[in-house]
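Engineer: These are the residues of each chain, in order.
2 protein chains.
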Amino acid sequence: MTVELISVGTEILLGNIVNTNAAYLAEKLAMLGLSCYHQSVVGDNEERLEDAIRLALDRSDIVILGGGLGPTKDDLTKEVTAKVFGRELQEDAHTRERIQEYFDRLQRKNPITENNWKQAMVPEGAVVVDNHNGTAPGLILEGENGKTAILLPGPPNEMIPMFDRDIAPYLNRLQPEGIYSKMVKVCSVGESRAETMVKDLMEQQSNPTLAPYAKTGEVHFRVTAKAADEESADALMQPMLEELSRRFGKNIYTMDENVTLEEAVILLLKEKGMTLTTAESCTGGLLAGQLMNVPGASAVYEEGYITYSNAAKEKLLGVKHETLEQYGAVSYETASEMAVGAAKAAGADAALSVTGIAGPDGGTKDKPVGLVYVGCCVNGRVRTEEFHFTGNRRKNRDYAVVRALTLLREELL
Amino acid sequence: MTVELISVGTEILLGNIVNTNAAYLAEKLAMLGLSCYHQSVVGDNEERLEDAIRLALDRSDIVILGGGLGPTKDDLTKEVTAKVFGRELQEDAHTRERIQEYFDRLQRKNPITENNWKQAMVPEGAVVVDNHNGTAPGLILEGENGKTAILLPGPPNEMIPMFDRDIAPYLNRLQPEGIYSKMVKVCSVGESRAETMVKDLMEQQSNPTLAPYAKTGEVHFRVTAKAADEESADALMQPMLEELSRRFGKNIYTMDENVTLEEAVILLLKEKGMTLTTAESCTGGLLAGQLMNVPGASAVYEEGYITYSNAAKEKLLGVKHETLEQYGAVSYETASEMAVGAAKAAGADAALSVTGIAGPDGGTKDKPVGLVYVGCCVNGRVRTEEFHFTGNRRKNRDYAVVRALTLLREELL
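Sequence lines, in order, name chains P and A.
If you read the first sequence in this note's numbering, its first letter stands for residue 1, the second for the next number, and so on.
If you read the second sequence in this note's numbering, its first letter stands for residue 1, the second for the next number, and so on.
Among the hints, a few may not be true.
Heads up, the list lumps identical chains together, so a pair's fine if it works in one copy or across two of them.
[What the hints assert, rightly or not] Result set (DSS-like, lysine-lysine): computed pairs, CA atoms no more than 25 Å apart in a straight line:
#1 Lys365 with Lys315
#2 Lys270 with Lys315
#3 Lys73 with Lys272
#4 Lys199 with Lys215
#5 Lys83 with Lys73
#6 Lys118 with Lys199
#7 Lys315 with Lys344
#8 Lys344 with Lys320
#9 Lys118 with Lys395
#10 Lys215 with Lys73
#11 Lys215 with Lys320
#12 Lys147 with Lys83
#13 Lys367 with Lys320
#14 Lys270 with Lys199
#15 Lys83 with Lys182
#16 Lys270 with Lys250
#17 Lys215 with Lys147
I should point out that these hints are in silico values taken from the structure, not numbers from a laboratory.
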């Protein structure tokens, strides 16, 4: 069965946003064993959108359209798809109710503007998929010719949960044989080395297959098996998973698709009954912000510090004035004292500190942009690492966060 | 003149990489005033690639192909494009020399493998564009029918410098008239209301045009004019920009494409010579992290606090024990005391505080998930706002950050 993706939005054609939705969906479709030979992007233009939909339905079995379901005049995806399928739009009472509820929850003082009700109009005979994170529902249109269109909202925080919860199972039910996969997530090992370590496994693969994905500071391996049912797939995957475990050992932080590195670290702290704090300079709250995105993180994290200035490092963390004078704010010594001081100030069992030069300015010959020190203090024992990142400000900060989490994980194990 | 993009690579179709090249090129083409109505992605497959090139040349004047120029058997872009243009491949002596030089510079111990010389083969009559960061040259094929194909290497570090140095000037020389645009960024106004406020302008638009883009907690309007030169375009856009200014007033935080809300807030603080601190509970560092992503933010921000626990709110911010007992951690009163206390503790002129229930757990009937209080203290004057967000944990935290920045901006003005 072939699927293709059409992303609708002039903002993508103008390069205002990067089409991360397409990458997300493409990866998920590959996991589901669906062949995707085309992706396209078309603007908020009726004629071109219609052409794109007709072309896609001509050459593929299923077309997934993303974006253009909102309340504005520009949003045409539903209208044009309905036209191609020869369906009228009619109000869906259930969706109208859900939109009302959504606005009630927001407790907006202003009345709902009229254009919002446009989102309650659906093509006749369409399967309506509730949007749990917004107002525009997803829609599935099954044509008489065996061709299907699936319409998803554009915002990733609406599209992703909807796809995972309702669309992926729908697509799986259409398949004769199932594709099952597991994700093995590795930290503390570089991309090239990780790939070299499994080169032989990749060369001899057939069922299951093994595919590496490089992520910021991590490498993920997807093991995929084709089988009649999940149990048979598990049996096929088991030897490969065991082999990966043997080769990467404790550097595998999870085999659960949905677990992130920060979740793995929080879980480890919970298991050990330990608390954590953070002291951040160049990452300025990003590390704590990522940790706090884990539901229930409050069980291990009570307080943290953002110490941009030298004075704040002294006042809040007790970094010695002489240390800052002698070695500078971006130094092995300062990072170490920040970690120890943070643990003490917060009364926490573990502390992470980050100090560095994220860029674009502030670099010198001795301390160039990208130089970052990460300190980790666990039960009074400190380990500090020096890193040289080569990205822009944002990328350097992202890498620093992952390295800090990795370092803490290593120290906890 | 219309241009379209074809990205060639199975790794994009499988979702292994995000197509950032397309976003980069799309933005540059828009800036050059070239209309781009289609982007597509096709795998390393001869037949489908040929179909894609023919379709693109049929509906656009210029097609830019990215990827598939490398030395491997999979790399077919040059071969298939040459076929479509009816050209033979022949060795380009200059390119062969450059490849030799490239390998000499790398000082590879191994001899150049035979397949590398494939990259010196170019379609007859093609303009060869030197690759200063790799081996595969760029190629421009001008057809007799006035249609042009531009072939660029896939790796961004080769494609981007080549495009900027040679392809952009080439495209610019082809243009009689240009497209110019400005972005008007609005906060403090919801998406639907913002659109309703400019409905008449959108209906009567021709040159310039007006397009709204909903962002998390913000609305952006792109005003686009077609004109012989930038000055004429500015003159065309001026009345529309003035009208938007009249309608949205101080809720417009910038008319600069590249300025973010956090940058606008930091700039405002710098102009007023004021300093800022933050005290975060449910956002847990995310607000500070976003502010600190602005280069030079350290000029206005010295330190900040992440106070998840009640004890931390008392200890670091001086929130009264009775306040927490009587009203709870997520309350108007606590948010207000957090803001005042943070300003005092940091010795800052302004402070933002965030306390709320991000979810998924922790909600009650009285205080449901999504309830967030944002406090803002400027020169001792406090304003606190209550919000009801309806997203998941991540979305609620993202919205809280934008609302906090918006509130501070309102208070500073």
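Engineer: If a hint holds in the structure, say so; if it does not, say that too.
Structural biologist: Structure-based check of all given hints:
1. Lys365 with Lys315: The answer is neither: 29 Å in one copy and 41 Å across copies each exceed 25 Å.
2. Lys270 with Lys315: Answer is between: at 24 Å across copies they meet the 25 Å cutoff, but 30 Å inside does not.
3. Lys73 with Lys272: neither (55 Å within a copy, 40 Å between copies)
4. Lys199 with Lys215: within (18 Å within a copy, 43 Å between copies)
5. Lys83 with Lys73: Classified as within; 16 Å inside a copy, 43 Å across copies.
6. Lys118 with Lys199: For Lys118 and Lys199, only the inter-copy Cα distance (15 Å) is at most 25 Å; the intra-copy one is 53 Å.
7. Lys315 with Lys344: Answer is both: 13 Å inside a copy and 14 Å across each meet the 25 Å cutoff.
8. Lys344 with Lys320: both (14 Å within a copy, 23 Å between copies)
9. Lys118 with Lys395: between (40 Å within a copy, 24 Å between copies)
10. Lys215 with Lys73: The answer is between: 17 Å across copies meets 25 Å, while 38 Å in one copy does not.
11. Lys215 with Lys320: neither (37 Å within a copy, 44 Å between copies)
12. Lys147 with Lys83: within (14 Å within a copy, 33 Å between copies)
13. Lys367 with Lys320: within (21 Å within a copy, 43 Å between copies)
14. Lys270 with Lys199: Close neither inside one copy (36 Å) nor across copies (53 Å); limit 25 Å.
15. Lys83 with Lys182: neither (40 Å within a copy, 34 Å between copies)
16. Lys270 with Lys250: For Lys270 and Lys250, the Cα distance is within 25 Å only inside one copy (18 Å; across copies 47 Å).
17. Lys215 with Lys147: neither (35 Å within a copy, 33 Å between copies)
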